[in-house]
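Quick mapping for you: the protein sequence lines, in order, are chains A and B. Mapping of the first sequence onto the working numbering: residues 313 to 562, in sequence order. Mapping of the second sequence onto the working numbering: residues 20 to 96, in sequence order.
Simulated from the structure, these hints should not be mistaken for laboratory data. Careful, some of the hints might be misleading.
[What the hints assert, rightly or not] Where chain A lies over chain B, by a calculated footprint (3+ residues, C-beta under 8 Å):
| no. | segment |
| --- | --- |
| 1 | 53-60 |
| 2 | 72-85 |
| 3 | 88-94 |
Yeah, the Cβ is synthetic: ideal placement off N, Cα and C, and Gly gets one too.
Chain by chain, the residues run as shown.
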Amino acid sequence: MPSAIQHDLELREKGLTTILVESQGATPDALARFLWQQFPTNECLSCVNVWLPLPRTGGLPNASLVSVDGTLLWSGNPLRDAAKLDELIAEQLQLVRKGWGASADAKKARAQLYGRNKLDAAQAIVRGMADGEEKAALQAEIDRRFELAKKRIAQLQERGHWQQAFGLAKELKASAGRSAAWATDIATLMATFESVQGKAELAAAKKLARIVKTMRKGKLAKVSKQLRKLVAKHGDTKVGARAERMLSAF
Amino acid sequence: MRTIPILLASALATFTLSAQEPGQRQERGQQSAPPKPAAVGEAVPNASFPQFFNDDGRQQLSDFYGGPLLIEKWGTR
């Protein structure tokens, strides 16, 4: 577990995503409490046990590495095979940076799309490609990437992560550049943060972020009181609802 | 056993879009079989995660396409 958290801290910005799946029957509240108490700096996506279409082997820890294009690359004990795992991750991060695909244009487009998060640059490359399967596949990836960004922002807003949602919305706006195709959707998204409700959410989110910053330093003694205060003042917001859920772990 | 079609041609075919989670009921009340776990070298079928601690808005395996994904199973006990 600590090695996975370390991987995440070092390599998340370069493109690695780490998901921790608690596999001994913890409830979501018990997991949250355990993580805050034992690993407050952990920022990995973490969840309780779930069935996944990955190899099942006896013993914990057990990990699987999925490639940039969704292929299973490796499965095993991440402590025993640490060197091999590091090597495979480094290769994958190289692909994120340089892109992959049958043609040079495909590599360039994916490098822009996934490595630099530049939707408009990727779109310009794909627009200039000859019609065919590869172009169609890349266009589908660009479209999907845009829709996924919108879905993530909406999901984060719904779950009370308004600062994170705002950050992603601004990134999406920058990524889309001056593209007319996406302008309307992006304007609609940005308007959700400028509305009366949006501003109330962001104000509550700022307060919750201060509480979370304290929690990440391992200072949990006053957390319940601080969260209750936030819920009392901002209970009508999604952020307030998130604070209430966090309370249930304490 | 219901055969789960795997999309070819598209780069996204590596995540099987019609994969269903274990126990998910079909329209006629029949439980679908879970997709076969991937072996090394194979495309990983799509699946959904429960709500994440440290949520980032992504919820399915296919949402992570485009970057390496390390999934680690561990225990609190």
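Against the structure, the hints:
1. 53-60: Satisfied; 8 residues make the cut.
2. 72-85: Holds, because 13 residues of the segment 72-85 of chain B bring their Cβ atoms closer than 8 Å to Cβ atoms of chain A.
3. 88-94: holds (count 7)
Hint compliance for this structure: every hint is met.
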